[in-house]
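Number of protein chains: 2
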Amino acid sequence: MSNQIAVGIDLGGTNIVTALITDDGAVVGMASRRTDAQRGAENVVSEMAESVRQLIEKHSVPINDVVGLGIGAPGPLRLREGMIHRSANLPGWQDVPIRQWLQEKSELPVQLENDANAAAYAEHWVGAGKGAGDLVTLTLGTGIGAGSIIDGEILRGHFQNAAEFGHTIVELDGRPCTCGQRGCLEQYASPGNIAKYAIEQIRKGSKSSLGPVLKANGAFDSQAIAEAALAGDSLADTIWDEACRYIALACVNIQHTVNPEILVLAGGMSKSGDFLLGRVRQHFAAQSWKIFDDAPRIVLSELGGNAGVIGAAGLAWKAHHNGTASINFASGVRSAE
Amino acid sequence: MSNQIAVGIDLGGTNIVTALITDDGAVVGMASRRTDAQRGAENVVSEMAESVRQLIEKHSVPINDVVGLGIGAPGPLRLREGMIHRSANLPGWQDVPIRQWLQEKSELPVQLENDANAAAYAEHWVGAGKGAGDLVTLTLGTGIGAGSIIDGEILRGHFQNAAEFGHTIVELDGRPCTCGQRGCLEQYASPGNIAKYAIEQIRKGSKSSLGPVLKANGAFDSQAIAEAALAGDSLADTIWDEACRYIALACVNIQHTVNPEILVLAGGMSKSGDFLLGRVRQHFAAQSWKIFDDAPRIVLSELGGNAGVIGAAGLAWKAHHNGTASINFASGVRSAE
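Protein chains in written order, with numbering that gives the first Met the number 0: chain A, 0 to 336; chain B, 0 to 336.
The following block holds chain A by itself, in its conformation from the complex (with noise of 0.2 Å):
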């Protein structure tokens, strides 16, 4: 029992990330190779595969041992279907079966699941909510995912794509966002946002620290702008705040909602740590009411990068716990055993 060991896949638009992972949720081997998107899903699922057989056999782990996979995959998904529905960040999937695919090639039971959700769920298992059976996510990443948990489950929803807090609407008639509708949440506070909007407004003329940086490197991210506002420089502060005004906003609208315990803050804002922790709460303090205290715990992520793929690795050890894991091949089911 104790060498058993199950497989996280963290797919993204850049990277996919395989790694092993103990049912503690301890990290006992990871690799990461380049995703390329547009060599088409099938490829891509068969590289997925022979990283996950290579990862298995350099840690000399016996196939016996590997009690499932699970996947973290950008959505909107059809997890019913086990398929990838179409993602900006994987350009020209429509609809692919990777649920299946994945388990005909490594021959492992495979569980699907949205990645944002997969990282809330390693949050809730070993990482900033332990021991915590509700709890929200927020990925503050190149868009905002978010993962709600609700008594050890994820809360999936009847389309299955529940906490989509990144689009929430925080403004009426807002700012035009990717998806379609104005105001997201995800257009006034995703780090990579509010260095667009840091960059229009250096190019409109504001005067900032961070304008020889953009000059010099044609560009700069969010953690520039926390550094700058560290140090001092006004239009870096006020774009910085006001992020954390909007996520502080969305952390209410979370506990009027969900209600959880704990709200882990994660992604690439999240790096920031105090900068970003301290802000958020304090608008959270400013904005949330006092008459009842049901006020979340808002935390840092203590999984990081990685959250996403422990949580897949999570899921599959939780379908192998339950008895759910198993294998449905064209020409029937075979139990994981």
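No wet-lab data here; the hints were simulated from the structure. Please read these numbers as outputs of a predicted model, since none were measured by experiment. Each statement offered as a hint is correct.
Distance condition first, Cα-Cα at most 30 Å in a straight line; then the derived DSBU-like pairs of lysine-lysine: (1) B:195 - A:289; (2) A:270 - A:129; (3) B:289 - A:195.
Position chain B relative to chain A; hints supplied.
Then chain B, alone, in the frame of chain A:
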């Protein structure tokens, strides 16, 4: 079995409604009396028990046929402790152990639930969402109550105070709300608040066919606004439409958080029927994304003002069927049988 009955109580700030409800949600009898909360909680609870006794007697129901009693009460509650924490509608009440008191006075097993959750449960059980596992109800009453049903269960959250959609923030630094926050949905879209807002506008000099109504009666309600809007009044139409736009925004945010199959509009404002539904659906279609087909079906309540009392009884039935209905006396536990 077929003669068994559950009792539902809907405790409001104005009235206490008591009803006898069959296992398929039919109303056998109903009674209403004034709440007069300022008499003190214990007196009110005694009167509730008396009301139950009279109703059972009036309908000649043998006490052994009563499977239990459910009560929907305004929150915030302390559900685990069976207490009403406090409520704007029940002045002076603080941490009232209503479940215990009602059990002792009625000698029935008692289920306590937030009134908006009870109403949502009713719509799921025998109303507009019958047969749907996932449903959210927005009750557009004095305030805006809400309830989320996921896989047939009420989403309560860690602090037992989930689904307070009326206090999600729809305008950063917006209108002050009675809850202490700013920009709550309730301020932009509850019938009480839109009537208040319309009256303010008229007093400030806005022209409207409601002007004479205000002069004659000193006030009007949201239904008068709907009627004036339908009759072509421009101010009334603008105000009604804005409320519907904010309700639609809330529907989009519910789509992206709970992702339900059905979204039920209930409460006083839903009496305007298609004039509410049509506008909300139209604004929802304009605001919601098109990249994934996960829009909830937005419908009107089927149970109207009876949803709360029916849902409360439904929860008594549920506890009975699950074998979780029991009475906790100070001296010990008696099974419900």
